[in-house]
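Peer 1: Sequence:
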Amino acid sequence: MESKHWSCFVAIVLGVLIFKMHIFVAFADQDEDIPHNEVRNWALKFGVDLWEFGRQFTKMNEIKSRFKDNDIEVKRKDGIILLRELAAEVKNFMDFKRNAVMRLMDSAEQAALSELEGQGQAESPMGGQQHYDARRINEYNADGKLADGARHMDIRFMRRFERLPVNLSLSSILVPHGVDLDEADVKSALQWSGHLDPLFQNNLEQDPALSWQYFGSSTGFLRRFPGTAWPPEGSKGSKLIHDFRTHNWFVQAASSPKDIMILLDASSSMTEKSFDLGMATAFNILDTLGEDDFVNLITFSEVVKTPVPCFKDRMVRATPDNIQEIKSAVKAIKLQDTANFTAGLEYAFSLLHKYNQSGAGSQCNQAIMLITESTSESHKDVIKQYNWPHMPVRIFTYLIGSDSGSRSNLHDMACSNKGFFVQINDYDEARRKVIDYALVMARPMIMYQADHPVHWSPVFVAGKSGGLGRDSEYQRRLVTTVSTPVFDRRNHSVRVANLLGVVGTDVPIEEIRKVIPQHKLGPNGYSFIVDNNGRVLYHPDLRPLGDASQYIDQLKPKYASVDITELELPETEFGNNNEPVEINKNLLNEMRGDMIKPKEGETEFTVMNHYDDSKRVSTRTHRYFYGPIEDTPFTLAIVLPEKYGSHEFVSQQEIRHSRNNVTEYFKGDNWRVHPDWVYCEYNSVSDLEKERESSGEYSSRDQEPSFGSPEEQVLHFLSRAGRPGWKWMSVRPKSPQPHHNMHSGSNGNAPGSSHFGSQHQNSQGSRKAEPYFCDRTLIQSLVRDAMVTEGLDRNTTGSSSGKEDKHPIATLMAILKRQGYQKFVVATSFVATRSGLLRWIDHVKRPEDTPEPHFSEDNVRAMDTSWYKRAIDQHSVEPDSFVYSVPFGSGYAIKSNATLVTASHAIFVEHRGHKAPAGVVGLQFQHDSLAKHFINITSACTGMTGCKRTCASDNLDCYVLDNSGFVIISEEMEHTGKFFGQIDGTIMDSLVQDRIYKRVTVNDYQGVCSDADNPYTAAGGILRPNRLGSWFFNHLLALSATWLSFMPASLRAWPQEEYTYDNEDVVFVDNNYSDEYEFGSENDYNMPVDQEMDEFFTTADVEYTTPPPRQHKPHVGPRFSPDPHNARRCDLRTDLYMLQPERLNQGGQNNPLKGKLTNCHVSGCERPFSVQKIPHSNLILLVVDTLCPCGSKQLDIEPLEETGVIGACSTRRQGQEQESRRRPKKCINYHPEEIEIQQCGRGSTLQHMSGSVIVAHLLMVTVTFVLANA
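With the numbering used here applied, the sequence shown covers 700 to 1969.
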């Protein structure tokens, strides 16, 4: 029995040993079973096949030879000289805009002076109902007759004016909510401002590139030229616009920079309703501030609190991000305790004094904005201690509601400190009346009557683009506004300083970029402009936050504020101890500092460039050249790639001496030019009309005379360029002498001080001096490129006569085709050149019902595409190669043969030892044919001895990956276009550890997140009373107040619009909340509040205690673009991957890199893999043994929001607050006679009451009369 057990034991042991031996043998043979030599041969054959086919099919050598057969030159670029040339062009362009605005200012002040001083005399010819109310333009009844009160205006569609129908001789009036055109001061301003129409028209004639011009009256209406109806066709907006007097272009032009401390009463004496209205008032004040201003908001009850923790004891720049941070935090405030006004005022005065003395902040105006429902005193002691006798700080007081005792106190506080008192009873008044503070701050500037500061607004998203491109109609353009104030020059019987309004004009960024030709910067070169605060006016990577169509619907701009350090992303290198080395970041900050000063200079550092919606990344060393744009707050920078940007390829065809008609090189419809580049253009609509009339061409009077496409425009000028007497007109007109030079020495009071009269009819220096402009270099380069690329398709398809083309290339292609070499089904071949020309050949007929856009529709801006940029960069990695890519996540379309592989190759031309890019050639071919060819190669053994396994074997997985880690070919078709880390993150990690790929962290500081993730507003909501009950209670109070107003007591007082210093008692209005209080249109203040933030503000808080920073947990899962109404800016980060080709080339291309995954399974098995560079491409071949069942993790390249402290209190945003800035040149904040001005406050008038309250008054009068006589 014992021997039997022993025998069983021996058998079991032997069985285990035999099993393990087999396993170990299998695992030991795994490495040998990956046929590394075959992997090398497969990659070599696949790469050579692709290269030879692409090289022959694209005719790259023939194109290069054709270029060399003509006169060519590779010239060196001098970056500084080019910068100065372009900066002068931009200055000239901006001078035209500024001078147009200054002429408007002069004319407006003269018109107002003449009209207002002549009132009471003969009726003005502009009198009566002469203005065009945009709400009533071309408004017809069903019977076709003009509606009562409407006016007819002849209009026609104009591309330049956001593709709207306009009238180029008349302006129209746009009206915000709450403005009555029948008020006396409004009617007066309407009358005299009507005289601006001839000047609007004259400005447009002198500078046909002008966009909208307007005069914004302080009385509330906006006169805009050219005239058009409102709302625009297709808009969902109402007939009323947003109140422009709170917009940056108006407020910042009307007042110098300022430090603002907002004190918001958050004591329990404030009702929830009053606090909401006070919060709305504070938010409207915040909305009027700009980048040159500094601000903070504190709430006070028993203690003083700073809602944003990291803003404690600081003033911060009034950037949109900081403003939004303050708003979000204030919404989380709870009302508690009693109001300690003294503590709030002392804190505000101390902080303002500290900034004034330390040289921080704006170093100009300083003001306290006090918002409360009631106060029992005027706090003269604390004000006297901090602010008298010199009154460096103005005090503006806002009374929420109608507490009669508080009115007098708040009025005294404002009037004795060069401020203004305002009574706020509803949301409409909270919007309209906050602008009073800016009008008061403008008084010193108005009283001097000398300086009219010119203000350039931040950039914002406006209406439709005016470009000729086929997609321009669906694009919105970026715009900045240049504006200047209009003063009242009349001599009044009492001391006043009235701002009549602000004049301005929009400046589309697309027009600025036209004077900085891209062809002078070359491939992957670009330019950008920053202002005195380091904020970007434009940049190729600037992505303003969507405005939810608020500009189109309400004419309300949403300003963008992005610093240059948020767009240029310096590469971070790592030292020996894996410590980050911030050399590139330091060089970027030094450049920013120089640009702010502003200072001319140059530098060089390496940055990260991301493509394709931040799914790919590359690094490139750039050379930066920067310098000031004189007489503006801006600095221009041009950026040239270090490896190839310092030389340019020059090859032009002189058109006038050409033997042939150059339009012959542009036959057919298989070519496009860059729609955003200026080849030739007429300077004005009238010039084009004259040209067409002389040519006998008919143009509709309802449509703007224009070209149907950029190609039509190019052909139009090319057909005329060869005619006798043709002039190139390649120099843009120069602007006239700047206004301020002509205006110097004048006090601005005398009518003769205006230069308007001398320039009104003077066309010298106007942009219309010549009928058209042509970029001679660009258009002659375009013709040469067309000559070189013309006719290439005939060499492939055969001649039209049906005879075989005897060209050597055509013969070779025919032989290759007969030999079966042409294994790839090519859909399209193309060539794109440095002149913006795109030419293509369709080799497969497209289905008529296909929803996919044609290649030319998506790639008309060829030089801006990813395949063009990447091909140029690839040249320095491997000159004889193509860059291959497939659409992301395109595996689903494989079976339908819809997926196309794009291959592109850069053509560099060499001359006298220097090379420069001339263009890019490429192919699009069916992915299915590429995959079949790959399978055919990798399923066979190439060696004489044979191989055990191929890619057709079950235990080998073969992939072709591109240089960003995306799958080009896989055995599983659904993998196509996916990031390989999502398929096998374990192998991808190993490739990174082996330095085959480099993992790069890319930060996106322009990310868009949902407001639902906001730590201040993520949950909860502001407690509000029941709407119906609160309305009834509010209405009951209104009726009670009305009843009491008729009692025989001293309570009765009628409202007086202006408060004055006189010997009589000051009279106040006794008004209550309008019924619009609860049901107003302003819903921005009813947003949810994060209940967790309430923990920061409990009764246990110590005065000035800062809560701990907010920690944020990022959103998990796929990110979707949030609704624009609920979107917010956020910092995103993602890990992207870059192939390191030098690593694969270290041992030569004949030696693949071998790797293993170890310790990935309990059995101890290993998982070998082999990596081989595919020559002549940006691809690698990856072969993985799948026998060992290793687990696989997933890597993701989906961007996620930064963890930890976010928003204004993040380390990055805190660092931004310390960055350098340059203050505006002038600060006008004091005039010794300003104290004589007595106007310092206003309340509400009966006409501003809601209709229901007025009806209630009349009802109470009747009831009181009946009761009194009963």
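For the record, the hints were derived by calculation from the structure and aren't laboratory data.
Careful: at least some of the hints might be erroneous.
[Unchecked claim] Straight-line distance between alpha carbons at most 16 Å, and here's what the computed EDC-like set of lysine to aspartate or glutamate pairs gives:
| # | residue 1 | residue 2 |
| --- | --- | --- |
| 1 | 1342 | 986 |
| 2 | 774 | 1329 |
| 3 | 1296 | 1329 |
| 4 | 1284 | 1303 |
| 5 | 1433 | 932 |
[Said to hold, decoys possible] Listed next, with one range per pair, are the computed distances between beta-carbon atoms:
| # | residue 1 | residue 2 | range |
| --- | --- | --- | --- |
| 6 | 887 | 1550 | 24 to 34 Å |
| 7 | 1913 | 1279 | 16 to 26 Å |
| 8 | 1825 | 1076 | 51 to 61 Å |
| 9 | 1832 | 839 | 55 to 65 Å |
| 10 | 1635 | 1918 | 38 to 48 Å |
| 11 | 1045 | 1274 | 17 to 27 Å |
A virtual CB, placed ideally from N, CA and C, is assigned to each residue, including glycine.
Peer 1: Next step is simple, just say for each hint if it's right about the structure.
Peer 2: So, going through the hints one by one against the coordinates:
{"no.": "1", "hint": "1342 with 986", "verdict": "violated (46 Å)"}
{"no.": "2", "hint": "774 with 1329", "verdict": "violated (29 Å)"}
{"no.": "3", "hint": "1296 with 1329", "verdict": "holds (12 Å)"}
{"no.": "4", "hint": "1284 with 1303", "verdict": "holds (11 Å)"}
{"no.": "5", "hint": "1433 with 932", "verdict": "violated (37 Å)"}
{"no.": "6", "hint": "887 with 1550: 24 to 34 Å", "verdict": "violated (58 Å)"}
{"no.": "7", "hint": "1913 with 1279: 16 to 26 Å", "verdict": "holds (19 Å)"}
{"no.": "8", "hint": "1825 with 1076: 51 to 61 Å", "verdict": "violated (43 Å)"}
{"no.": "9", "hint": "1832 with 839: 55 to 65 Å", "verdict": "holds (56 Å)"}
{"no.": "10", "hint": "1635 with 1918: 38 to 48 Å", "verdict": "violated (59 Å)"}
{"no.": "11", "hint": "1045 with 1274: 17 to 27 Å", "verdict": "violated (50 Å)"}
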